[in-house]
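Using the sequences plus the hints, can you model the full thing?
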Amino acid sequence: MTESSHHEKIELLTLSEVADVKGFVGNFDITIKTNPRYVNMSKCTGCGECITKCPSKVLSETDMGLGMRKAIFKPFSQAVPNVPVIDAEHCIFFIKGKCKTCEKFCPAGAIDYEQKETIRTEKFGAIIVTTGYSMFDISKYGEYGAGKYKDVITGLQLERMLDPNGPTGGHLVRPSDGKEIKNIVFVQCVGSRDEEKGMPYCSKICCMYTAKQAILLKDHFPETQSVIFYIDIRATGKNYEEFILRAQRNYGVIYIRGRVSKIDNLGDKLLVYGADTLLGEVVKMEADLVVLASAMIANPDAQNLARKLNIPYDTYGFYTEVHPKLQPVESITRGIFIAGACTFPKDIPDSVMMGSAAAAKTCALFAADELTVEPKLADVNIQKCVGCFNCIGVCPFEAIQKDVVGGRSVAKVIKTLCQGCGNCASTCRAGAIDVKGFTDDAVYAQISASFDEIEEREEHVAG
Amino acid sequence: MEIGYYPGCSLEGVSKEFDISLRKVCSLLDIKLVEIPDWHCCGTSPLHAFSQGLSYLLPYKNIQKAVETGIKGILVPCPSCLYSLCFTVEAYKNDGVIKNYLIHNTGFEYTGDLKIYHILDFLRDLVTLEALKNSIKKPLKGLKVVSYYGCLMRFHGIEIDDDEQPTIIDKIVESIGGEPLEWTHKVECCGAGLSITRPDITQRLLKDILDSAKRAGADCVTSVCPLCQSNLDMRQKGLSQASGNQYNMPVVYLTQLIGIALGAKSNELGMEKLIVDFIPTMKEKGLL
Amino acid sequence: MLQVDSEQVHNFKNRILQLSDVDVTRCIQCGKCSAGCPVAPDMEEMPNQIMRYIQLNLKEKALTSPMVWVCASCVTCSARCPEGVNIARVMNVLRRLCIEEGYQPGQEQVNAFNSLFFDNIKKYGRIYELGLIVQYNMKMMTPFKDIGLFPDMVRKGKISLLPHRIKDIGSIRELFQKSKRFIKG
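Line by line, the protein sequences are chains A, B and C. Going by our numbering, 164 is the number at position 164 of the first sequence; the sequence numbering is gapless. Going by our numbering, 285 is the number at position 285 of the second sequence; the sequence numbering is gapless. Going by our numbering, 51 is the number at position 51 of the third sequence; the sequence numbering is gapless.
In case anyone wonders, no lab produced these hints; they're calculated from the structure. All values derive from a computational prediction rather than experimental measurement. One should not assume that every hint holds.
Said to hold, decoys possible - In silico lysine to any residue, SDA-like type, Cα no more than 25 Å apart, as pairs:
#1 A:Lys384 with A:Arg429
#2 B:Lys16 with C:Asn137
#3 B:Lys214 with C:Pro41
#4 B:Lys16 with C:Tyr136
#5 B:Lys265 with C:Gly157
#6 C:Lys122 with B:Thr106
#7 A:Lys197 with B:Asp163
#8 B:Lys237 with C:Met153
#9 A:Lys269 with B:Leu181
#10 A:Lys212 with A:Ile348
#11 A:Lys269 with B:Lys207
#12 A:Lys150 with A:Asp137
#13 A:Lys197 with C:Arg26
#14 A:Lys53 with A:Asn35
#15 C:Lys122 with B:Phe108
#16 A:Lys123 with A:Thr14
#17 A:Lys269 with B:Glu182
#18 A:Lys204 with A:Lys218
#19 C:Lys145 with B:Gln246
#20 A:Lys116 with A:Pro36
#21 C:Lys180 with B:Ile103
#22 A:Lys197 with C:Ile28
#23 C:Lys180 with B:Gln64
#24 B:Lys137 with B:Leu262
#25 A:Lys148 with B:Pro180
#26 C:Lys180 with B:Asn105
#27 A:Lys150 with B:Leu181
#28 A:Lys150 with B:Asp161
#29 C:Lys123 with B:Ile103
Next up, the structure:
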């Protein structure tokens, strides 16, 4: 992150969002909305005095609600740029009109409450979408007391607890009462592989990060014991199976095959009701902390962005690639690439691979002087076109524009945008549009030939 | 307000106090209960295990009897009866084979406009908790109550509340001035159905539930199911003998608690019929 | 050793599907049903194993399992099943099939109780609790099993000494005559 922020050819736009996208490959006009930081980036030295002095405390998003942050804050200590931001929703000055503590203590005079959002439009040749994922809301699991019992947390929350800069300073203590933790139960597949309460798909990364956390726990806190309730262990990457075996053999992590049905809060302990389907026995055990491997889900805002970018997404809200095997980082819209967990749950190696692939594809696109396109494109016969422009409304790629030829308004296809779907051809009442190689005559001939074939076959059977 | 009433077999026998207290509460709230004439047993789980035909026919015949009185809604206090009735209506609506079978064998075609209530949604939606709160004469101040739903929430005919962490009884207890407590066994099965055939299992389940209520610091458990209440109430003596620990946790019908709060006398609510005596707790809390 | 016959392997599962509308193929054997089952701790088998018997066409094992008969029908399994398998409904169908096909119920006393319950409704139209318990204990040769409960119940007026017979018992008996163990299939 730091490296990219210093790179002469990379401009890092933080607090910014894509408001609108127009144009096509090589010629995207992107409207960028930059939200106010209320801190002058060029003056701020990143000393952090404002953060220390700010009187308003809010639950920290980075720490998944386990810790607090200030109303003026940096999301995490290594955040880039090293400049804080004011959360206007919780800032006392913005709510009540007075306070200005941060301004008072800032030695650089960098606080600027007057900043407004800015909007600008710039040209880009290609877009790589890497909007990531979101976590499944575990509070749907009432039987686990999730969202209600403080000591039932998610894997990501445990990750924060293990961070020396995290909410507990890297100490392993119960969120409810701050007492030390000895027994930890992990529950796999919470919100994944569950068609009733969650998602039918396998969240893919949980088996591995849970094993990692169990190993880390034993490493840092040798007196702890981890037990993992799982359905199937999915360790299909390089050295992954060996990693699981290491957790079991070298770190004493106990794996129990069976889903947990219920968790009781006994006050100073949690009681976990599970099953060992290998033994055919019910398992009941006490735990100080229960960690739920909550499913990775699509970013809730992903669909919104997809509509702006004109790229498709699946029923879960993950972006859809052109071809899941052969074109995994390309969206159907030329010049827009997708990478990482915005397409499906992914771990770090897979995300890095996809990101690299998308970058390489973009370079390849820019390297050529000319674009080659598929020959399967819509073609307007301007003699027949009556200028109704019904085709513009049905084109999912905004590939048709109005044009004036010899004083007449006619439709014009932008070849780099057209994907040859044929919507316009079937909509055109004047019969002015054909997809090259798929003229109406050709399609009718194909249909007729297939019927002949069927008839022949039937005759053959009857005969 | 007038509503049909299907008490079910338990409320005629072991759970008479549920019937008594429900009738009293309704009369205090100005609700007229119209008992379904000559109602019969709904069949409940033993029959479900025995015959699919009867498990639909018996409830359906009861629905026929209710519809023929011209009443628009019925109140069914027993969750097991409620399940049988709702389950039948659901199958009738969604499954053509079952619908035809029922019509063919009874000669009655149900048009689907009978609304079936349990006391929980009845209190919440028709009486409203606000109205209940306004009718309170003697708030149950300081009475610590754990609400026990049993497996009621699991029965899909009833969309009253959250399946796993329900709160409707707690809200009712709150609106009559009591203090609902969080506890772990709101929706655990009490094993009433096995109390005759596998009392060993029932005893283990009872023990877990009662221990949990004790751990929560409850003055009493409140229940809305005749099978759960009688199971939890009657079998504490046996459990005490078997386990060597003293079990003495009052298990009271929610309607009895509401009745007290509405100012009814304890004998008007069948309090004396409870096996684990609730009177000392009431005295202690100044409710008598 | 189990013999799995590839040609027959879907038979029982399909029969269950036909009788209950529940597709046991959906079960992924996660064990959540067993983990939450209130009776499983006292049983040799667990609910997910019953589903497994069905998946592998082990009909006799499924029909004669005591688990099937001790199931309390509390529906916890079905409510929590991540794949939406209505396990409790399958249990009911297995019990009916067991009797229909002349197998020995895995827990005879439950079946005995159920048939007395059945007779009781047929006779009176409503449940006569005292009669039911006494009859059951006589049948099980444990006449004094629940005797400890009676003094309290009688003293508190919690039990009717005589049965309540509904007026129109005729129409109920007619339903008993017309009814079938299975409507579908």
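Contradicted hints - numbers only: Violated: none.
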